[in-house]
Amino acid sequence: MINLSSTLKISFRALWVNKMRSGLTMLGIIIGVGAVIAMLAVGTGASNRISEHISSMGSNLLIVLPGATTSGGVRMGSGTQPTLTTADAEAILRECPAVSNVAPVLNGVAQVVYGNQNWSTGIVGTTPDILTVRDWPLVSGRLFTYQDVRRATKVSLLGQSVAENLFGDMDPVGQIIRIKNIPFTVIGVLATKGQSPQGQDQDDTVIVPVTTAQKKLFGTTFPGMVRRIMVKAKSTEELLSAEKQIAELLRQRHRIGPKQENDFTVRNLTAFMQAAEESTKVMTILLGAIASVSLLVGGIGIMNIMLVSVTERTREIGIRMAIGARTWDIRLQFIIEALTLSLAGGIAGIIIGVAGSIILSMLAGWITIVSVFSVIIAFGFSGLVGVFFGFYPAYKASLLDPIDALRYE
Amino acid sequence: MPLIDAQDISKVYRLGDIEVRALSGVSLKIGKGEFVAVMGPSGSGKSTFMNILGCLDKPTGGRYLLEDIDVGSLDRDALAGIRNKKIGFVFQGFNLLPRTSALENIELPMLYDGNSARERRQRALEALHSVGLEGRGEHYPSQLSGGQQQRVAIARALVNNAPIILADEPTGNLDSKTSADIMELFVKLNSGSDITIILVTHETDIAAYSKRAVKFLDGSIVSDECKAGS
Ligand SMILES: Nc1ncnc2c1ncn2[C@@H]1O[C@H](COP(=O)(O)OP(=O)(O)O)[C@@H](O)[C@H]1O
Ligand SMILES: [Mg+2]
Chain P
1 MINLSSTLKI SFRALWVNKM RSGLTMLGII IGVGAVIAML AVGTGASNRI SEHISSMGSN
61 LLIVLPGATT SGGVRMGSGT QPTLTTADAE AILRECPAVS NVAPVLNGVA QVVYGNQNWS
121 TGIVGTTPDI LTVRDWPLVS GRLFTYQDVR RATKVSLLGQ SVAENLFGDM DPVGQIIRIK
181 NIPFTVIGVL ATKGQSPQGQ DQDDTVIVPV TTAQKKLFGT TFPGMVRRIM VKAKSTEELL
241 SAEKQIAELL RQRHRIGPKQ ENDFTVRNLT AFMQAAEEST KVMTILLGAI ASVSLLVGGI
301 GIMNIMLVSV TERTREIGIR MAIGARTWDI RLQFIIEALT LSLAGGIAGI IIGVAGSIIL
361 SMLAGWITIV SVFSVIIAFG FSGLVGVFFG FYPAYKASLL DPIDALRYE
Chain X
1001 MPLIDAQDIS KVYRLGDIEV RALSGVSLKI GKGEFVAVMG PSGSGKSTFM NILGCLDKPT
1061 GGRYLLEDID VGSLDRDALA GIRNKKIGFV FQGFNLLPRT SALENIELPM LYDGNSARER
1121 RQRALEALHS VGLEGRGEHY PSQLSGGQQQ RVAIARALVN NAPIILADEP TGNLDSKTSA
1181 DIMELFVKLN SGSDITIILV THETDIAAYS KRAVKFLDGS IVSDECKAGS
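As they're listed, the protein sequences go chains P and X. Going by my numbering, the first residue of the first sequence is number 1, and it counts up by one from there. Going by my numbering, the first residue of the second sequence is number 1001, and it counts up by one from there.
Bound-form chain P, shown alone (with noise of 0.2 Å):
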């Protein structure tokens, strides 16, 4: 039988007694999970950004730009205008079954005024399906109608940017503004959005109804014109089909031949923004494995003192086996030696990997997030850096003979 309790006092003692080299040996550890916690904390702060960008953008998002897409993105369609219209969004509620909201967009810059204060922005013409589209609700006031659409009436719902330029602490709902001269009653605030992926700030515009964007405000050349459609597609499944059913309806609508290339093009956001989640994951886990390398260089440094410390003390061995040390007594104190070195660099590592993520998003102004699996994945693997790089030395020290270890200068 083995007692454990005496076995962890001899190798403390061991260790205490070479304090100068555990703690060298237990360096190479220290680093090696400080490197691997603070990698995966850029990685798993770059992924998270991502996705909130995701969800900022608002979730199944797909939109309809006018113009044939390339490889590389949108160019314009040759020949053709830009096509499409408020028609065109209607159609596109109406007969896609996997479309759950439509809205469609006409933007521009302008100037808004109110009292003596004046803020230029972006004017985004729409329809009330936009907050729901993009998963954006008000703070306060309320939201303007399909009547209000159909009238084309000057009501605008102010983002939190434009509010907090124009109004400061004031409560802007009732209040008019001035948009490029004319008057808009504010009936709505929205919530705060932050960032776009792009890096603009979503909370600098003003919404107002599309059709008064259209007469009023910018001007079409042609009926109905909008310069792209948002669409919410029922579900992350129906997403793609929601994208066949937009193009097939869109080419007909457009009277697209069959030869003829699209002259609108659907995009679909999520899966893109998907596929940069993706990468960065492959990212994370690319960093943690050039960090964990580090960490195998530790453990290699933990075998390289205990095989000194098995030939140093092979006379100890020798007096433990004579005394009636089994294999096994032998085996487990010089595995529980490099376990202890592990773990405990494990702790200092996973410390200096926390302030290390922490220093690097203060100088570098990157997003870092140490997440609980990445400390429980590094203080594990250094167990077994441990266990693994242990148990070789100790085998040998079992493995000697009594006789000889006592006779050993």
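Please keep in mind that the hints were generated in silico from the structure rather than gathered at the bench. Take the hints with a grain of salt, since some may be wrong.
What the hints assert, rightly or not - Computed list of lysine-lysine pairs in DSSO-like fashion (alpha-carbon distance at most 30 Å, straight line):
#: 1; chain 1: P; residue 1: Lys-396; chain 2: X; residue 2: Lys-1188
#: 2; chain 1: P; residue 1: Lys-396; chain 2: X; residue 2: Lys-1058
#: 3; chain 1: X; residue 1: Lys-1188; chain 2: X; residue 2: Lys-1177
#: 4; chain 1: X; residue 1: Lys-1188; chain 2: X; residue 2: Lys-1085
#: 5; chain 1: P; residue 1: Lys-9; chain 2: X; residue 2: Lys-1086
#: 6; chain 1: X; residue 1: Lys-1227; chain 2: X; residue 2: Lys-1029
#: 7; chain 1: X; residue 1: Lys-1086; chain 2: P; residue 2: Lys-396
#: 8; chain 1: X; residue 1: Lys-1058; chain 2: X; residue 2: Lys-1177
#: 9; chain 1: P; residue 1: Lys-9; chain 2: X; residue 2: Lys-1085
Take the given structure of chain P and dock chain X with the ligands to it, following the hints.
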């Protein structure tokens, strides 16, 4: 039934092509409570024989029965168990663990025997007392004289109540006054508690403390004398 029954033991070391016959056909019976001195010139096979008796080594020929158990059939861990419970070693060079207090050195055999910490400490203190080193328990080997270190080693050999103590030149590193003290201690242990003591020496005045003298020469026993009156 003898405690120790060595039957026609031989030990051959092979160093490449050369064969070294350390023991050739040694037979010896030792009963419980005997005090045997093993004598002979250097290289005559005394240590080799002691290592076999102590289950640290196996003979290449012959049979060794310890309390009727054929030791040759046992594996490594079983032999370790026998060393732990039946045999106490005392070495010429003391063989205490450095940077480990006297008491902890004495506790060592009990570590491998699954005793509670409290019982270990209790028995170690008793053993320390029986070798006359009360109050020295916290000293490290480097803080003790040679004689005191050997007493700690003897306490360590006693602490598991082993019936046999094997001492290979235990006084070899000590001056004659200290040697005499250590021998007195062995005599006291032997007469007081029936412990069997087998002790290697090449000094006749050390051997004089024993009750029986076995002489080795070139790997064989050449004489085996019991002293008158014992
Ligand atoms: N491990 C070994 N390898 C080879 N020869 C050995 C070994 N141990 C002892 N011997 C030889 O065996 C013989 C007996 O040695 P030993 O038992 O140590 O003698 P003693 O203790 O009586 O001085 C010597 O000739 C010695 O050289
Ligand atoms: Mg010898």
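Checked hints:
{"no.": "1", "hint": "P:Lys-396 with X:Lys-1188", "in the structure": "violated (41 Å)"}
{"no.": "2", "hint": "P:Lys-396 with X:Lys-1058", "in the structure": "holds (21 Å)"}
{"no.": "3", "hint": "X:Lys-1188 with X:Lys-1177", "in the structure": "holds (17 Å)"}
{"no.": "4", "hint": "X:Lys-1188 with X:Lys-1085", "in the structure": "holds (21 Å)"}
{"no.": "5", "hint": "P:Lys-9 with X:Lys-1086", "in the structure": "holds (26 Å)"}
{"no.": "6", "hint": "X:Lys-1227 with X:Lys-1029", "in the structure": "holds (16 Å)"}
{"no.": "7", "hint": "X:Lys-1086 with P:Lys-396", "in the structure": "holds (27 Å)"}
{"no.": "8", "hint": "X:Lys-1058 with X:Lys-1177", "in the structure": "violated (36 Å)"}
{"no.": "9", "hint": "P:Lys-9 with X:Lys-1085", "in the structure": "holds (22 Å)"}
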